[in-house]
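**Student:** Here is how the chains run, residue by residue.
There are 2 protein chains.
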Amino acid sequence: MDFFDVINKRRSVRKFSDAKVPESIMRKCLKASLLAPNSSNLQPWEFYWIRDNEKKDKIVEACFSQNAAKTAQEIVVAVARIDTWKRNRNLIIEDYKKRNKLIPMVDKYYNKIIPYAYIHDRFGITGLIKRFFFIFLNIIGYFRPIIRGPIYNHQIFETVTKTTALACQNFMMALVAEGFDSCPMEGFDEKRVKKILDLNWQCRVVMIFGVGEAAKDGIYSDRFRIDDDLVIKEI
Amino acid sequence: MDFFDVINKRRSVRKFSDAKVPESIMRKCLKASLLAPNSSNLQPWEFYWIRDNEKKDKIVEACFSQNAAKTAQEIVVAVARIDTWKRNRNLIIEDYKKRNKLIPMVDKYYNKIIPYAYIHDRFGITGLIKRFFFIFLNIIGYFRPIIRGPIYNHQIFETVTKTTALACQNFMMALVAEGFDSCPMEGFDEKRVKKILDLNWQCRVVMIFGVGEAAKDGIYSDRFRIDDDLVIKEI
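Top to bottom, those sequences are chains L and C. All residue numbers for the first sequence refer to the working numbering, where the first residue is 4 and numbers rise by one. All residue numbers for the second sequence refer to the working numbering, where the first residue is 4 and numbers rise by one.
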């Protein structure tokens, strides 16, 4: 399907038909999501495809049993993590080494700079130490451009959430390209969802997808966007 | 171009050729971004297409003069805002009224629930008050699913940043569909960028795009992804 047709066809579907989504399509679309660009290629995302019926029921309940969840043929939970950077960084380095491409700049980036950015602890003490360090950095910042973060846990969470959202958009678009639909939900009880999926405090539930084929009355209203001029600024 | 070809073809390009990007393509791709789904349809994004050469030079400098910025034919800054929800909410309500579709549920959602979610102040006092309110809500949360936020400013920022990232992915994909490329940059001095664009504290610079046609040596390394099994979980 032509790319701009996919863009136009994608709508958030609130009610799905009884049509099953073939496993192969689910896998194809999930894999396609992972080709999104992402922060330092650290791939801090996880996609939980909920196939167990009992778990699925619980997730639907945690989504307040909204139609988009209740009528969904498949449920996928997108998660962003701040605790997989070390493992993934090591895999990246390994790959560079295998290809004989580990130049000093890359080595320094992943082994010196990335740890400063991603280091954290549950109580935010590392964040406070980093903040202190950044006071000095900010003085340099008067004279030349500097990096301003991430400092606190919530800023690391913002980074991984942002990156995971890029993959989420790919997922929704891929489904449309394959003739299916989705509803990205943010209305859910995150605490309960994390408990169902056994996720630790270093995880953020980014969004939950209801997936299926749109029911005839599955799109609740016409698409509305505010005027382009309000948000696209040529300066 | 076929959707999955676009997915595969998109790479972060670090060096661009001298080929200009037609204005019409820039506008088409920027408009395409805005068709991404977004939190409560509040469209908290802004895309600054930097056409003024002096401003462009300053942005490039704030991106540490990295090649992806320096060689870019066009620069676009994606911004997420926590202060446009009221204006956009009113425009949404107006549209519902115009179409005679403002049912009580929608009215309540946009006029009662959304303000609780998006209200904030510079010093985070509203956040503390909300936190207090959520203590009581959490008691209910023992018995049934509840919404857990956003409470603090940084959580509202996370919401609008996440939503803006969805549009960013559309933008990058649209460029590829039109035969061009981009590099999403997160390595920039946010404070300086905000100053150049005259953005207030209620704005977050989500990412900055270098846009153009890939130079022959514009892609620095082979695409590397960790094993799918590490991030796609069928449970």
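Hints may contain errors.
Lysine to aspartate or glutamate pairs mimicking EDC-like chemistry, simulated, CA-CA at most 20 Å apart [stated by the list, open to error]:
no., chain 1, residue 1, chain 2, residue 2
1, L, LYS198, C, GLU237
2, L, LYS34, C, GLU216
3, C, LYS18, C, GLU216
For the record, the hints were derived by calculation from the structure and aren't laboratory data.
**Student:** If a hint holds in the structure, say so; if it does not, say that too.
**Tutor:** Here's how the hints hold up against the structure:
With a CA separation close to 17 Å, the supplied pair L:LYS198 and C:GLU237 stays within the 20 Å bound. Of the supplied pair hints, the one linking L:LYS34 and C:GLU216 is violated, its CA atoms being roughly 26 Å apart against a limit of 20 Å. Note on C:LYS18 and C:GLU216: the hinted pairing holds, with a Cα-Cα distance of about 9 Å set against a maximum of 20 Å.
Consistency note: the structure conflicts with earlier hint 2 alone.
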